[in-house]
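Enquirer: Using the sequences plus the hints, can you model the full thing?
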Amino acid sequence: MKLLEHEAKTLLAAANIPIPASLLVTKYNPVLPEVPIVLKSQVPTGGRGKAGGIIVVEEINNLQPSIQALFDLEIKGFTPKTLLAEEKLNIAKELYISLLIDRASSAVQLIAHINGGIEVEDNKNFKTWSLNNPNFDVIGQELADYYQLPGQTFVIQDLIQNLYKCFIKNDATLIEINPLILTTNGNLIAGDCKITLDDAAAFRHDWNFEDKPAEANFVTINPTGNIATIANGAGLAMATVDAAFEAGLQPANFLDIGGGANTETLLKAFNRIVQYQNVQAIIINIFAGITRADEVAKAIVAAKEQIPHLPPLFIRLAGTNHDAAVKILTDKGIVIMPNLQACLVAAKEVVHG
Amino acid sequence: MVNIFQGENVMVQGITGAHGSFQAKAMQAAGTNVVAGTTPGKAGQQVDGIKVYDTVKDIQKDYTVNTTVIFVPARFAKAAILEAIEAQVPLIICITEGIPVHDMLIVRKRLQTSSSTLLGPNSPGALLPGVSKLGIIPATMSLPGNAAIVSRSGTLTYETMAGLTEKGIGQKYVIGIGGDVIHGMGYIECLQLFQADPDVDTIILIGEIGGQDEIVAADFIQKCITKPVFAYIAGHHAPEGVQLGHAGAILGSDAESASAKTEKLSDAGAITATSITELLNKIV
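So the protein lines, in turn, are chains A and B.
The working numbering applies: residue 1 is where the first sequence begins, and numbers increase by one.
The working numbering applies: residue 1 is where the second sequence begins, and numbers increase by one.
Certain hints may be false.
[To be verified] Calculated lysine to aspartate or glutamate pairs in the EDC-like style (CA-CA distance at most 16 Å, straight line):
#1 109/B to 102/A
#2 167/B to 278/B
#3 2/A to 240/B
#4 298/A to 349/A
#5 76/A to 240/B
#6 298/A to 323/A
#7 81/A to 210/A
#8 88/A to 119/A
#9 25/B to 48/B
FYI, nobody ran anything at the bench for these hints, they're computed from the structure.
Expert: Right, here's the structure in full:
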């Protein structure tokens, strides 16, 4: 789950990491900030600055029009529900710092660069530290030296320790502060911040953010695609999408219905699929391991009967209790295909006439 | 060489749950010696004749346990794995899906100072057809033989295995390493096992988008594997930055894409395909 900037900064502030003084502006909030002020569109996407989503307002006359302009500005398909109004900082230097989970070392990693800001992706030679059994005094010292801020050693030691605590406490998988601003007064302040939280840990938190845990099992790939796919298991679902593309079809979605393929899950899947305007065929690819093919077949029949204008189904159903499944489906006049390839060929005939 | 997947004296953590009880029975039916299981607070009960204990250590008073298979819900899985590590169970297989990644970081840290091997989580386990079934891979679709499969996916593993069986190609090992970001055993350990086992004549590697594991595996194949390797990476048309089912299946950079991984494996000498059907056609 990705947090908006103001949500991320609330978590930073709670962990004693300095953030700019700020005010949240909603469309109906009559409280206006004082100028000069930085207005930042709160959209769940990157590249906001380059898209014009950040405005520095110096004159009071420009405040209301700037607020209006930002609420109207669509950035990569998103319009903001809120704006963050922040104090304008006097910047001496922009640095980069982030914490993430490094898959290769199975540990939290700290990444830093002396040049932060919007061009950070062009940087080379990021400095990294593993935070497996971290000694923050040592790492903080090294980081301060790297940032060429030896006078800030104590501050940086505290900063990374607080960042790490924030990361652990919130079940984060990414905290990125870019830029980490050194002000002309010598303060280190989080200029912008991205935080991603682990959806799997939602059960132990009282999360109430604008973004909700993403639905990983149903993903739209192309809303104007000409076929829909249903499979069980993430790998098989990906493989089904791959095979459909290979066959020259345009899959609208990825769907892993998991181990418990019952009438309810299929009904839900069908109901979402019929919302895709151009879908003309549905490929169902089930390999019954723990699942039983006959139960999936029953569920398909029951769900199909409840949705009148369902596109034709092309079903491949292998594994446990396959023979019983074939009987259930053929009794209802639903054809079961010998393999996925046959489903794709049949679907192509429907799509391309 | 002692085969850790031999399946002697197996226990099940979470044996009274729906999955635990069903799968314990299926493991027994496939010839695995399931000696006992745990569910805290349910000691003294029985599940299809298998004795239930409160803790792993209680079982160890009566049996020498070689393997534990974990089916407990995600929120209790960290405690279950740590309990098995604490009890020094040699092989710990975790089937549970959806364990918080920070919990797995703690588990990985504990494993550094332990002699236990972890397979999973979010893994279907390991199947040695005709020998042992440690997890949920359907034994009925397997055939004893000399191929070895290692995979990050569950159903795709079954699909590959059943496809081989259909062609009359038997398997010595079918191992799912699991689809999570932080996990135990990986491709390298499995490839080492397959290379060292004289029975294995063909290796099949099934990967996914996300992470660098298949890239590292490709380097290893180039340097250390002399047996033929067949490989398929799922997710050639995955959208960037979106999780596809498995927690680990999220496309970060181009280097984590299915095409980049396929190319790397191909360069390393593996025979690759862009669909499972194509891969199965190439294996003879």
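Enquirer: The structure should be examined with respect to each hint, and the outcome stated for every one.
Expert: Outcome of the hint check:
no. : hint           : result
1   : 109/B to 102/A : 14 Å, holds
2   : 167/B to 278/B : 14 Å, holds
3   : 2/A to 240/B   : 15 Å, holds
4   : 298/A to 349/A : 26 Å, violated
5   : 76/A to 240/B  : 15 Å, holds
6   : 298/A to 323/A : 13 Å, holds
7   : 81/A to 210/A  : 9 Å, holds
8   : 88/A to 119/A  : 20 Å, violated
9   : 25/B to 48/B   : 7 Å, holds
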